[in-house]
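Going down the list, the sequences are from chains A and B. Numbers in this note's numbering are just positions in the first sequence, counted from 1, shifted up by 13. Numbers in this note's numbering are just positions in the second sequence, counted from 1, shifted up by 1432.
Hints are computed from structural coordinates only; laboratory data are not their basis. Everything numeric in this text was worked out from a predicted model, so none of it was measured. Careful: at least some of the hints might be erroneous.
Simulated restraints on C-beta separations [said to hold, decoys possible]:
#1 B:Asn1604 - A:Trp319: 44 to 54 Å
#2 A:Trp74 - B:Lys1601: 35 to 45 Å
#3 A:Ala189 - B:Gly1658: 57 to 67 Å
#4 B:Val1592 - A:Leu350: 26 to 36 Å
#5 B:Asp1635 - A:Leu112: 54 to 64 Å
#6 A:Val26 - B:Ser1507: 27 to 37 Å
#7 B:Arg1729 - A:Phe336: 36 to 46 Å
Covered stretches of chain A (chain B as the covering partner; in silico rule of three or more C-beta atoms under 8 Å from a C-beta of chain B) [what the hints assert, rightly or not]:
#8 133-140
#9 251-259
In this text, a Cβ means the ideal position worked out from N, Cα and C, and glycines have one as well.
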Amino acid sequence: MPIVVYRLLVLGVTTLVVVAPLSLVVYQSFLTAPFFDPSAKVGLLAYSFVLADPDFWQAFWTTIAIAGGMTAIAVPLGALLAFLMVRTDVPGRRYLEPLILIPIFVSAVVIAFGYVVAIGPVGIFSTLAKDILGFVPWNLYSLLALIIIAGLTHVPHVYLYSAAALRGLSTDLEEAARVSGANPFRVAVNVSLPMILPAILFAGVLVFFLGFELFGLPLVLGDPQDLLVLSTYLFKLTNKLGVPSYQLMAVVVVAIIAITAPLVFMQRMLLRQAQRYVSVRGKGLKTQPLPLHRWRWIAFAGIILWLCLTVIVPLFGITLRSFVVTWGEGVNLLNVLTLDHYRELIEYPNVVRGIFNTLGIGVIGGALAVACYTAIALAVHRWNSGWTRLVDYLVMVPRAMPGLVAGLALLWVFLFVPFLSPLKSTMVSIWLA
Amino acid sequence: MRHVISAIFTAIVIGLSGAALAQAPQGYPADYAKIVDAAKKEGKVVISSTTDAVAANPLIKDFEALYPGIKVEYSDLNSTELYNRFIAEAAANNGTADIIWSSAMDLQVKLVADGHAAAYASPEIKALPKWAVWKDSAYGTTYEPITFVYNKRLVPEGDVPKDHTDLLKLLNAKTDFYKGKITAYDPERSGVGYLFCNADIKDFPQAWDLFKAMGKAQAKLYTSAGAMMERVTSGEHLIAYGIFGSYALGRSKKDPNLGIILPKDYTMVTSRVAFISKHAKNPNAGKLFLDYILSKRGQEIIANKADLYSLRSDVDGEATIKGVTQLIGDKARPVPIDQTLLENLDQAKRLAFLSKWQQAKRGQ
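The following block holds chain A by itself, in its conformation from the complex (with noise of 0.2 Å):
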């Protein structure tokens, strides 16, 4: 078929998957009551609520102080690790790679969990450091812990991007400013860096949304000290007034959104920036690694250092967990160890079951994301008009939206559009969530 008809074809299907549930979820705020509830009427009643709720402002001030600091935290590292891996000689490239992905599949509450037991206050490390030292040096349970651990954990997030970014480039431009003389982080900060910096951006903005959308770290790090993030206090919304109150829920994701959707504009803006200059260049797309002498193990030790406080510490202790019976103060370990644990999984009915819908969602689900995913880029590519920018906000804006608002929102639209509702019980409503 003509690509007209294709990308305009594809536009089309885009917008309503997204736009059908966000769409929902904006009138609903409008209302009284549930959208399906026959008493409800339109009115600004739900917006006067939250936006006098003191817990909302402080939710939202801390999510975008915890989404900033992350990305700050997430993208010098992400970019560097990516040099690093993709570009240097740095040992143990390929053994590390898979490593470094980790903490995108497991699950946040996984690893919150896991660094309460390795690190909380009467975790493991911490009561050896209050053996060794007489006090325990840090505090889990803080803003400041928070901000660290979700920068730390959103790391592969710009190491995806960047390292994909760096591939694609050939060397020669490194390779010359290291013949002038320029050490290998001048030579990643000054020229490599640069040359990716879309990749870059379009990361950074990426995992500034995905710090509204957290949701099992602080729910799990900041519960018992009041901290909220924007996604838990959706969660206290629905219990505070009895009923789960939907306007007042749709609200907070019109709020989300108020503030998302300004910066996918903004992204484009610092887009355009970006390419205004073009590299001039040899034409030899070999590929050579930069030789780091010196600081070959330097970066080696940076490297693991990352992946212990990341992975290896969060896992340690909720493997460790799933070994004793008891744990932390006043417990002996060598004393609790059991296998009592694996032995009653094995009578959950459903985790089988479980797993073998996750992974189908993981494999399935995930190669069909590719070719839509594909489809759209197909459509978009080199085409010079505006719905481009529609496109980019209709694949960005979803990114932020809580998990808890998402499901609910496409449960509704399953289930009111008459023809989708058979398709509600199976994967492929969870799949498209």
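Following the hints, position chain B against chain A.
Same frame as chain A, now just chain B:
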């Protein structure tokens, strides 16, 4: 040869008793068999519940053994998801699950009051306590005492509070020792927490003093009993206020460090409420399942295998109404399943309570 004959004989006996079981249970009305037949034609029962799948598994297996031909489709969700999903499905006229079984007593009563339940007088009603049945639609299915739990390793023997007054005295006397070490459900973020606080206000004249003392001791508030118990057993916290006896019992069997107290001045008792949905696709199978979990057979499994507590007085064991009465006599205060629960959902009352609660959290 003898073995073959006895094997055949045994098989015949089992076959016959199996066939007998497939008909109406003892003491049921004669036309119950019609419901059983209709249910078998439906072929399945869909249950939407907040009870953990592992706890419910013995019940499901036994029900399927009792009524072969009826498959159980069981989903365990949290109480908010369950409510959200149910009202959306009901509004979309798409049919809902057959049995709705949730520990959120107030939300369940609201759904029944809003007309979503099918009225059905179960044959088991006469064996149930009066407070457990409302309008022949909402049925309490368990008898779960609300307990204190504490860390046996780290809480000094003399400190262990035997009732609410003891706890109040302890927190006022040793505020520094217990600073940050007390934990409870958050009434703001958890429907269960709100229910507990309000029941306390009804049953304990010094309830607000207790809340203020907890505020002064910087009590940490959670939305999940599992999180609270985990932190008590690890020693991060020392005492948890308001934990379902069923969860505590289950946990203490695995972890001997967890101590459980049924307060002797009064112990609140909650019950998981079940009803048959008016929009059910398999209403007869739903009736069978409801009657089953209220029957002696089902309640025995609830008490002894599912680590929930049974509310029938003819069931023996620790996790039963008999067992609880032995421990606290007549001090049990079951939350009645009726329209008074709806007061909990009154917005104005909630907001008024929550602002008073915020003050108490600051110790005022």
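For this session: Can you let me know if the beta-carbon spacing of Ala189 of chain A and Gly1658 of chain B is within 57 to 67 Å?
Result: holds (59 Å)
Exercise. Could one say that the CB atoms of Val26 of chain A and Ser1507 of chain B fall in the range 27 to 37 Å?
Worked result: holds (31 Å)
Exercise. Does the Cβ distance between Asp1635 of chain B and Leu112 of chain A fall inside 54 to 64 Å?
Worked result: holds (55 Å)
Exercise. Regarding Arg1729 of chain B and Phe336 of chain A, is the given constraint of 36 to 46 Å on their beta-carbon distance met?
Worked result: holds (37 Å)
For this session: With 26 to 36 Å as the target window, see if Val1592 of chain B and Leu350 of chain A comply at their CB atoms.
Result: Given about 28 Å between the Cβ atoms, the range holds.
Exercise. Is it true that the C-beta distance of Trp74 of chain A to Lys1601 of chain B lies inside 35 to 45 Å, as the hint says?
Worked result: Hint holds: Cβ distance 40 Å, inside 35 to 45 Å.
Exercise. How does the Cβ-Cβ distance of Asn1604 of chain B and Trp319 of chain A compare with 44 to 54 Å: does it lie in that range?
Worked result: holds (48 Å)
Exercise. Under a C-beta cut-off of less than 8 Å, do 3 or more residues of the stretch 133-140 of chain A approach chain B closely enough to confirm the stated coverage?
Worked result: Contact hint for the stretch 133-140 of chain A vs chain B: holds, 3 residues under 8 Å.
For this session: Three residues minimum, CB to CB under 8 Å: does the stretch 251-259 of chain A make the cut for coverage by chain B? Let me know.
Result: holds (count 7)
The structure agrees with every numbered hint stated previously.
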